[in-house]
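K.L.:
Each chain, letter by letter, is given below.
2 protein chains.
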Amino acid sequence: MSRILLTVEYDGTAYAGWQRQLNGLAVQQVLEEALTRLCGEAIRITGASRTDAGVHAWGQRAHFDTVSRIPPEKYPFALNTMLPPDIRVREGAAVPDAFHARFLSAGKLYTYRFWNARHASALRRNTHWHVPVALETDPMREALETLKGTHDFAAFQAAGGTAKTTIRSIDEACLTAQGEELILTLHGNAFLYNMVRIIAGTLAEIGHGKLAPDAFSRAVATGDRLALGPTAPPHGLELTRVDYPAAAFTDPASLRWHEE
Amino acid sequence: MSRILLTVEYDGTAYAGWQRQLNGLAVQQVLEEALTRLCGEAIRITGASRTDAGVHAWGQRAHFDTVSRIPPEKYPFALNTMLPPDIRVREGAAVPDAFHARFLSAGKLYTYRFWNARHASALRRNTHWHVPVALETDPMREALETLKGTHDFAAFQAAGGTAKTTIRSIDEACLTAQGEELILTLHGNAFLYNMVRIIAGTLAEIGHGKLAPDAFSRAVATGDRLALGPTAPPHGLELTRVDYPAAAFTDPASLRWHEE
Numbered sequence: 001m002s003r004i005l006l007t008v009e010y011d012g013t014a015y016a017g018w019q020r021q022l023n024g025l026a027v028q029q030v031l032e033e034a035l036t037r038l039c040g041e042a043i044r045i046t047g048a049s050r051t052d053a054g055v056h057a058w059g060q061r062a063h064f065d066t067v068s069r070i071p072p073e074k075y076p077f078a079l080n081t082m083l084p085p086d087i088r089v090r091e092g093a094a095v096p097d098a099f100h101a102r103f104l105s106a107g108k109l110y111t112y113r114f115w116n117a118r119h120a121s122a123l124r125r126n127t128h129w130h131v132p133v134a135l136e137t138d139p140m141r142e143a144l145e146t147l148k149g150t151h152d153f154a155a156f157q158a159a160g161g162t163a164k165t166t167i168r169s170i171d172e173a174c175l176t177a178q179g180e181e182l183i184l185t186l187h188g189n190a191f192l193y194n195m196v197r198i199i200a201g202t203l204a205e206i207g208h209g210k211l212a213p214d215a216f217s218r219a220v221a222t223g224d225r226l227a228l229g230p231t232a233p234p235h236g237l238e239l240t241r242v243d244y245p246a247a248a249f250t251d252p253a254s255l256r257w258h259e260e
Numbered sequence: 001m002s003r004i005l006l007t008v009e010y011d012g013t014a015y016a017g018w019q020r021q022l023n024g025l026a027v028q029q030v031l032e033e034a035l036t037r038l039c040g041e042a043i044r045i046t047g048a049s050r051t052d053a054g055v056h057a058w059g060q061r062a063h064f065d066t067v068s069r070i071p072p073e074k075y076p077f078a079l080n081t082m083l084p085p086d087i088r089v090r091e092g093a094a095v096p097d098a099f100h101a102r103f104l105s106a107g108k109l110y111t112y113r114f115w116n117a118r119h120a121s122a123l124r125r126n127t128h129w130h131v132p133v134a135l136e137t138d139p140m141r142e143a144l145e146t147l148k149g150t151h152d153f154a155a156f157q158a159a160g161g162t163a164k165t166t167i168r169s170i171d172e173a174c175l176t177a178q179g180e181e182l183i184l185t186l187h188g189n190a191f192l193y194n195m196v197r198i199i200a201g202t203l204a205e206i207g208h209g210k211l212a213p214d215a216f217s218r219a220v221a222t223g224d225r226l227a228l229g230p231t232a233p234p235h236g237l238e239l240t241r242v243d244y245p246a247a248a249f250t251d252p253a254s255l256r257w258h259e260e
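Chains A and B are the protein sequences, given in the same order.
Here our numbering is used: position 239 in the first sequence is 239, and no number is missing along the way.
Here our numbering is used: position 34 in the second sequence is 34, and no number is missing along the way.
All clues given are correct.
Pairs involving identical chains hold if they fit within one copy or between any two copies, as the list cannot separate such chains.
Computed cross-link-like contacts, SDA-like style, restricted to lysine to any residue with a CA-CA straight-line distance of at most 20 Å: (1) Lys74 / Arg118; (2) Lys74 / Ala120; (3) Lys148 / Arg218; (4) Lys74 / His119; (5) Lys74 / Ala134.
Please keep in mind that the hints were generated in silico from the structure rather than gathered at the bench.
This structure is a prediction, so every number in the text was calculated from the model and none was measured.
Work out the full structure: start from the sequences and follow the hints.
P.N.:
As structure tokens, this is what we get:
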């Protein structure tokens with residue numbers, strides 16, 4: 001038996017999210033069916049992040065166990081001939097048996113894309129949130145600075161979150177603007193359920209002047225979800241990268257699984 | 001009667017191209033049906049460029065005549081509620097009766113996108129040409145320099161071209177690279193049928209070392225289509241902008257229609 005780690009890109013538009021479910025086709029299910037055919041045994045995979053319906057991934061990670069002798073680096077080639085074109089496996093690697101794609105992840109990079117123009121964009125309709133009111137980037141950037149550091153983000157989660165602790169650390173919070181496109185990148189050790197989309201939705205209200213640049217810090221101080229803006233739609237969001245500590249690939253048993 | 005000029009964006013993936021035809025749905029047809037409903041009279045539109053199936057547009061231009069009194073700047077709002085989300089009207093403006101979207105265009109900017117990586121990209125599958133072999137950008141840029149200027153591009157057209165002259169001027173030919181993405185932009189006074197896609201396909205062969213950086217200049221000198229590479233696929237191509245001389249909006253009757 002060997003444990004394999006895949007790096008997976010997908011266009012989430014057509015899927016009911018990452019995780020297998022009763023209603024709608026999940027990315028996990030499509031991958032498991034391809035792997036089961038390829039390996040000739042029932043395969044279950046574990047993803048680093050359970051992305052919602054419509055959310056995209058450039059660097060989702062997922063591990064599975066198999067008795068097959070396929071060289072790990074061959075998985076992308078073999079799977080990409082079987083998968084639909086909106087799911088691509090970018091990398092395959094062997095990892096220790098105690099590796100875990102979800103519980104050993106030490107950081108995640110998310111990208112949220114806004115289309116800030118009067119009219120929606122045909123070419124970006126599945127990847128950018130269309131915000132038709134003019135957004136001021138200065139107050140948005142001012143607000144993003146207040147997110148950095150270790151805070152209790154209890155206000156920054158949707159109902160349905162199952163986190164044991166709501167303390168998270170964010171070390172990158174950038175907004176770049178090019179023409180009508182605004183791109184938010186957030187890197188942190190972990191994120192609560194819908195946290196990035198709540199930040200993106202709040203950021204739009206700040207750029208529109210409906211919330212002040214201290215909205216994030218006030219929500220951290222009060223724990224009040226109502227101090228924040230709406231949850232931005234899923235299709236602007238991309239899971240860009242999942243990080244692991246070096247020891248995850250050499251001596252994963254020495255690491256504590258992170259709490260969720 | 002007034003003549004209206006629209007700026008139109010579309011994702012060409014689902015369409016049989018710009019021009020109405022017997023097989024498959026054309027962007028022109030979808031726009032004409034929406035305009036006919038909106039204006040309450042049969043509307044025919046004339047586009048600046050007859051883009052092929054799968055080709056995208058950010059700045060296609062098209063004109064039509066109508067007796068309706070809809071303020072020109074309201075067309076985007078009215079049409080975008082009726083159009084499918086992969087076609088958006090970005091602008092509407094009144095133009096003189098002698099304006100012509102196609103025959104008065106003085107320049108076009110095209111963008112061709114390559115995805116240069118081992119594996120295809122799920123998120124870019126409809127907008128980038130996947131080239132799995134490593135491309136060297138230095139010889140590609142060297143070759144692009146030789147395109148600039150006024151040349152006889154007879155070798156740079158597909159069968160089916162109906163151009164009266166094959167002399168064209170190119171004043172911008174740039175290649176930018178960011179990670180796996182290569183973006184070619186070409187600006188010229190006009191382009192022959194499939195000319196941008198032939199340039200893109202040849203450029204990939206030059207980047208791969210199968211053709212020398214003088215391939216373009218040799219094809220110009222010999223007129224030989226076989227001196228060039230294959231026609232790159234349509235889905236990497238976008239009609240980005242169409243330019244008109246200022247007089248087209250003030251005194252179009254003073255201008256010569258350009259030969260095709």
